[in-house]
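**Student:** Chains as they are written, first to last, in my numbering: chain A, 1 to 437; chain B, 1 to 437.
Treat the hints as calculated values from the structure; they're not laboratory data.
Careful, some of the hints might be misleading.
[What the hints assert, rightly or not] Only part of the chain A face toward chain B is listed, based on derived beta-carbon distances under 8 Å:
| # | residue |
| --- | --- |
| 1 | R57 |
| 2 | Q97 |
| 3 | T276 |
| 4 | D280 |
[Unchecked claim] List time: in silico DSSO-like cross-link candidates among lysine-lysine, alpha-carbon distance up to 27 Å:
| # | chain 1 | residue 1 | chain 2 | residue 2 |
| --- | --- | --- | --- | --- |
| 5 | B | K285 | B | K295 |
| 6 | A | K153 | B | K285 |
| 7 | A | K172 | A | K129 |
| 8 | A | K153 | B | K153 |
| 9 | A | K285 | A | K342 |
| 10 | B | K285 | A | K285 |
| 11 | B | K295 | A | K295 |
Cβ coordinates follow ideal geometry from the N, Cα and C atoms, glycine included.
Spelled out, the chains give:
2 protein chains.
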Amino acid sequence: MRIERAVTYDVRFPTSLSGAGSDAMNPDPDYSAAYVVLETDDPGGLAGHGLTFTIGRGTEVCVAAIEALVPHVVGAPVDELLADLGGLWKRLVTDSQLRWLGPEKGVIHLATAAIVNAVWDLYAKRERKPLWKLLSDLPPERLVDCVDFRYIKDALTREEALALLRRSAATKAEREQRLLAEGFPAYTTSAGWIGYPEATLPALAREAVDAGFSHLKLKVGGDPEADLRRARLVRGAIGPGIRLSLDANQVWNVGDAVAAIERLAEVDPYWIEEPTSPDDIVGHKHIKDAVAPIKVATGEHVQNRVVFKQLLQLGAIDICQLDCCRLGGVNEVIAVVLLAAKFGVPVCPHAGGVGLCEYAQHISMFDYVSVSGTMDDRVCEFVDHLHEHFVDPVRVVGGRYAAPAAPGYSIEIRPETLSEFAFPDGPGWWTQEEVPA
Amino acid sequence: MRIERAVTYDVRFPTSLSGAGSDAMNPDPDYSAAYVVLETDDPGGLAGHGLTFTIGRGTEVCVAAIEALVPHVVGAPVDELLADLGGLWKRLVTDSQLRWLGPEKGVIHLATAAIVNAVWDLYAKRERKPLWKLLSDLPPERLVDCVDFRYIKDALTREEALALLRRSAATKAEREQRLLAEGFPAYTTSAGWIGYPEATLPALAREAVDAGFSHLKLKVGGDPEADLRRARLVRGAIGPGIRLSLDANQVWNVGDAVAAIERLAEVDPYWIEEPTSPDDIVGHKHIKDAVAPIKVATGEHVQNRVVFKQLLQLGAIDICQLDCCRLGGVNEVIAVVLLAAKFGVPVCPHAGGVGLCEYAQHISMFDYVSVSGTMDDRVCEFVDHLHEHFVDPVRVVGGRYAAPAAPGYSIEIRPETLSEFAFPDGPGWWTQEEVPA
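So that you can see chain A by itself, here it is in the shape it has in the complex (with noise of 0.2 Å):
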């Protein structure tokens, strides 16, 4: 069996005409996807799905860098790709002549993960399991194998990697079971966009409580008492029970994150996330030390295991939040994974947008297996949207996301919707009044 060929789509939604998915940084995202099928010529039509998160302008770049990567895949026996996992990773990341535009990150690494998480997609598949029961029945040499030291030894050793899972080996049968039986717990930012009115939040907060959340996040960053009215109107419709995030996308300096967060301290916040710049190791560390014990996490734009070693080598975060696309896919999922279990630093992966609940209920359900062992303090992000266009959409059921059943990584788009939202002339983007320019 081959990779017979690559075929990429630009899928947008027109979501910026609602205000979902609105924060300080991001207030019109059109969330869209840079889609890519691996075919191949199995008789039964076995195909490997992959899809990189974007807001809408510039999906077009990320197919072209698709376009550019999938020579690296197209032709490849599937039996010989799958079974040197990390040898695709390599020849991915160093390439030659792309690796010059990243390397291994901005639009090249966004590509990346299409493909790697197509090609894992492709595996499960193959395999007849879902992702998160792949990674945790294959083997700790297998795993590590495709994790790429190199720059991070100094931080993480490949005899660490193995130990950190041959540690939790004994025990994975029972945690199994327990994932299947209770789900994994998530927190909603369904009911905290920035753009939603003031007057609609302490409703939807409460809304959400009843559903069975116990973690809720709201967006700040944006004027000062503003945020903080947002704040507590919330947290005056939750209680005082309830963990209450805060996320900032990004938009202070460092000296004023501070002084924010003090602001906003009375609401008793969980975490702030993004309080800077996610290039900032150094501001991240200066605002944990003067902000604890409100705790600092950031992650989905942390563009690779590079930047999250010096995060967690500086102690300079308490919650880690990967993103399964800006990392590039799963393989350097599970390096950052394996680096958060070394420090000890919780994994909470970001998800929304579209797909991306979809691909990190999967991460966090392997975390839990094969590597932490614990649900304490994990939450998976989730955002109540778009999931209807996936073939095996995600089940939140009282605050829980259910462990997926259906092989593979839960990523393949619905045909109709890669026909209705095609952009730009899908039926969904021209029957829209106010199509964006």
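Chain A is already provided as a structure; the job is to place chain B on it using the hints.
**Tutor:** Here is chain B on its own, set in the frame of chain A:
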């Protein structure tokens, strides 16, 4: 006068056929440019030219990113655009949807550089000055208005930047005279590519010294024995009085870097360049502390002012090798030049490739005249390659860059080159026997 249209080009040179430009990380670069011309309705044909440097495959991805960004300049009145270059920068780097693809890194930032540099080229041509002179003549307030202080205020405030510029203002005229009389010191990388056979190195190195260079650079990071042999050959050929720097192009882990540099210490290296990942600020600090007094240099892959800020805050580098494309263009280059001056770290810009020497000379000259005020320990990289394709190529005589006199940023490519090396259809490609895949 308005920007009427932006015309993009994918220009590539088949340099991988000769081994020139080869190093331990980049064995086969085809030096390339994603190039943009901002055409105006000026009857005299005034236009701004800009490029971002790439090394082959993926140039089309950068061109796509330029196309995604040009709506921010096309249609703009030139006077308004040039009156608020800080505003232009912010529109480009905070585009509410494209920002997701970086932010301020990778492909979207490389593309930003092509546009920003084209606008500065247009500005300098309209003022009938070479860029270094335009920058040197701008009042401090005007220069500082171009800088984005978001995320760097904890290291450099607007007031501190103004003070730095005012400090050197009174003596600018005499430095300008000296620059025009003597030029600016260069160092050469032309003699030391890793793809060049050992036997050729001594003669190439001697030729460079005979041509007036007092500082050479050799690529290392290959087989450790070969590295040492090559370094000994070059040091033997040039004698002890000439500075010899080494460049590992990111191939080492942190621990390996320290060991490798210690092995090479016998050839008395001036600096070791890119010893590890450009993202590893903490790692650079560790290496610098371990290998002193050998200096640590990096920058050609450092993505923005936020990362340079931390390299400087932690004292992780001795030499700042900013890149005129990687950083997104002149505005961010000014920011980094000011940051480096604040921390007393010499700026020795990365150059080579295609067009980078043409760009970088202007930055070194501006830094000398208006910011650092000294040529001590400052050198601008020089590689004698592809200059014939420029309308106003660099002139390096006796190991020094002569100050450009023609208006603009020296980056305008000759029209016949744009045709001949258009990729993939130009005759510069189809007449090659070995056209890369």
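**Student:** Would you mind marking each hint as holding or not holding in the structure?
**Tutor:** Evaluated hints:
The interface hint given for R57/A holds, since its Cβ lies 4 Å from the closest Cβ of chain B, which is under the 8 Å cut-off. At its closest, the beta carbon of Q97/A sits 4 Å from a beta carbon of chain B; the interface hint therefore holds under the 8 Å criterion. Evaluation of the T276/A hint against chain B yields a held restraint, the C-beta minimum of about 6 Å falling below 8 Å. Checking D280/A against chain B by beta carbon gives a least distance of about 5 Å; that is within 8 Å, so the hint holds.
Annotation: proposed proximity of K285/B to K295/B holds, straight-line Cα distance about 11 Å (limit 27 Å). Taking the CA atoms of K153/A and K285/B, the gap is about 16 Å. The hint holds against a cut of 27 Å. About 16 Å separates the Cα atoms of K172/A and K129/A, which keeps this hinted pair within 27 Å; it holds. Only pairs whose Cα atoms come within 27 Å are accepted, and K153/A paired with K153/B is rejected, the gap being roughly 33 Å.
Annotation: proposed proximity of K285/A to K342/A holds, straight-line Cα distance about 18 Å (limit 27 Å). For a cut-off of 27 Å, the pair hint linking K285/B to K285/A stands: about 16 Å separates their Cα positions. With a C-alpha separation of about 37 Å, the suggested pairing of K295/B with K295/A is violated against the 27 Å cut-off.
Checked against the numbered hints above, the structure breaks hints 8, 11 and satisfies the rest.
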